[in-house]
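Enquirer: Whole structure, please, built from the sequences with the hints as guidance.
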Amino acid sequence: EPEVTQTPSHQVTQMGQEVILRCVPISNHLYFYWYRQILGQKVEFLVSFYNNEISEKSEIFDDQFSVERPDGSNFTLKIRSTKLEDSAMYFCASSQTSGGGNEQFFGPGTRLTVL
Amino acid sequence: AQSVAQPEDQVNVAEGNPLTVKCTYSVSGNPYLFWYVQYPNRGLQFLLKYITGDNLVKGSYGFEAEFNKSQTSFHLKKPSALVSDSALYFCAVRDTGFQKLVFGTGTRLLVSP
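Protein sequence lines, in the order shown, are assigned to chains A and B. Per the working numbering: the first sequence = residues 47 to 161. Per the working numbering: the second sequence = residues 3 to 115.
It should be emphasised that the hints constitute simulated quantities derived from the structure, not laboratory data. Keep in mind it's a predicted model, so treat the numbers as computed, not measured. Incorrect hints may have been included.
Just so you have them, the derived chain B footprint on chain A, three or more residues with Cβ under 8 Å [stated by the list, open to error]: (1) 85 to 93; (2) 99 to 106; (3) 144 to 158.
Straight-line alpha carbon distances no greater than 25 Å define the calculated PhoX-like cross-link-like pairs of lysine-lysine that follow [unchecked claim]: (4) A:Lys103 <-> A:Lys124; (5) B:Lys79 <-> B:Lys24; (6) B:Lys51 <-> A:Lys88; (7) B:Lys51 <-> B:Lys71; (8) B:Lys51 <-> B:Lys79; (9) B:Lys71 <-> B:Lys24; (10) A:Lys103 <-> A:Lys88; (11) A:Lys103 <-> B:Lys60; (12) A:Lys129 <-> B:Lys79; (13) A:Lys103 <-> B:Lys51; (14) A:Lys103 <-> A:Lys129; (15) B:Lys60 <-> B:Lys24.
Don't be surprised by glycine CBs; every beta carbon is placed ideally from N, CA and C.
Expert: Printed below as a string of structure tokens:
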């Protein structure tokens with residue numbers, strides 16, 4: 047069964063450094079998403095991406111964040127200058143369409159630790 | 003604004019007994035409702051969804067959920083729990099016109115042998 051994959055599984059970085067989290071969505075999916083889950087808190091939406099453009103973003107997704115689909119398979123989240131509070135589990139997801147009832151399929155997550 | 007409430011941090015049930023994990027929601031338009039399960043060190047796994055139609059929806063692993071519009075609830079149920087059902091369960095809602103899923107805080111289900 048096709049699945050969303052994410053690399054790395056765990057990333058440790060120093061405050062102020064740039065990080066890039068990578069995702070390979072399911073191959074025939076057209077909509078891509080990033081969510082994060084700070085330890086002990088709920089899963090929060092960051093951004094959705096379609097046709098090489100951001101289609102929706104939350105207030106968390108400020109200028110420090112960017113997303114890109116550099117080729118036909120990868121979808122990346124970049125944090126330009128990491129802060130301690132960026133430490134979280136980051137989940138990538140994808141869906142075939144953006145229709146309200148279309149489920150999103152999630153990857154296993156990347157645990158980001160900012161020291 | 004969309005929101006989801008899962009009032010129970012943890013639900014304990016004995017194997018073989020029925021289980022219910024509660025979820026209530028708030029949206030401005032028509033809700034699209036989802037349940038996801040998270041096993042340790044794994045991502046969120048889709049269980050089932052409600053879009054429209056029959057209020058009782060069936061999903062993976064014998065789970066089902068009942069949509070109740072008047073009570074704005076979407077409780078997850080299973081007639082007979084298994085120890086392997088022990089995991090973290092998330093309810094999520096998507097409002098009309100939005101792409102984002104809004105999640106509840108999660109409910110840990112512990113099924114004892």
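Enquirer: Now look at each hint and say whether the structure bears it out.
Expert: Right, here's what the structure says about each hint:
Judged by the Cβ-Cβ criterion of 8 Å, the segment 85 to 93 of chain A is covered by chain B as claimed, because 5 of its residues qualify and three suffice. Proximity of the segment 99 to 106 of chain A to chain B, defined as three or more residues with a beta carbon under 8 Å from a beta carbon of that chain, is established by the 3 residues found. Interface restraint, the segment 144 to 158 of chain A with chain B: holds (10 residues with C-beta to C-beta distance below 8 Å; minimum three). Of the pairs offered as hints, the one joining lysine 103 of chain A and lysine 124 of chain A holds, with about 14 Å between alpha carbons and a cut-off of 25 Å not exceeded.
For the hint pairing lysine 79 of chain B with lysine 24 of chain B, the CA-to-CA distance comes to about 9 Å; that is within 25 Å, so the pair holds. For the given pair, lysine 51 of chain B sits about 19 Å from lysine 88 of chain A by alpha-carbon distance, which is consistent with the 25 Å threshold. Simply put, lysine 51 of chain B and lysine 71 of chain B have alpha-carbon atoms about 15 Å apart, close enough for the 25 Å limit, and the pair holds. Under the criterion of a C-alpha separation no larger than 25 Å, the hint pairing lysine 51 of chain B with lysine 79 of chain B is consistent with the structure, at around 13 Å.
Between lysine 71 of chain B and lysine 24 of chain B, the direct Cα distance comes to roughly 14 Å. Compliance with the 25 Å bound is thereby established for this hinted pair. Annotation: proposed proximity of lysine 103 of chain A to lysine 88 of chain A holds, straight-line Cα distance about 17 Å (limit 25 Å). Restraint check for lysine 103 of chain A and lysine 60 of chain B: the C-alpha separation of about 31 Å exceeds 25 Å, so the hint is violated. Distance check on the hinted pair: lysine 129 of chain A and lysine 79 of chain B sit about 40 Å apart at the alpha-carbon level, beyond 25 Å; violated.
At roughly 23 Å between alpha-carbon atoms, lysine 103 of chain A and lysine 51 of chain B fall within 25 Å of each other, so this suggested pair holds. Of the supplied pair hints, the one linking lysine 103 of chain A and lysine 129 of chain A holds, its CA atoms being roughly 20 Å apart against a limit of 25 Å. Among the hinted pairs, lysine 60 of chain B with lysine 24 of chain B is consistent with the structure: their alpha-carbon atoms are about 16 Å apart, no more than 25 Å.
Checked against the numbered hints above, the structure violates hints 11 and 12; every other hint is satisfied.
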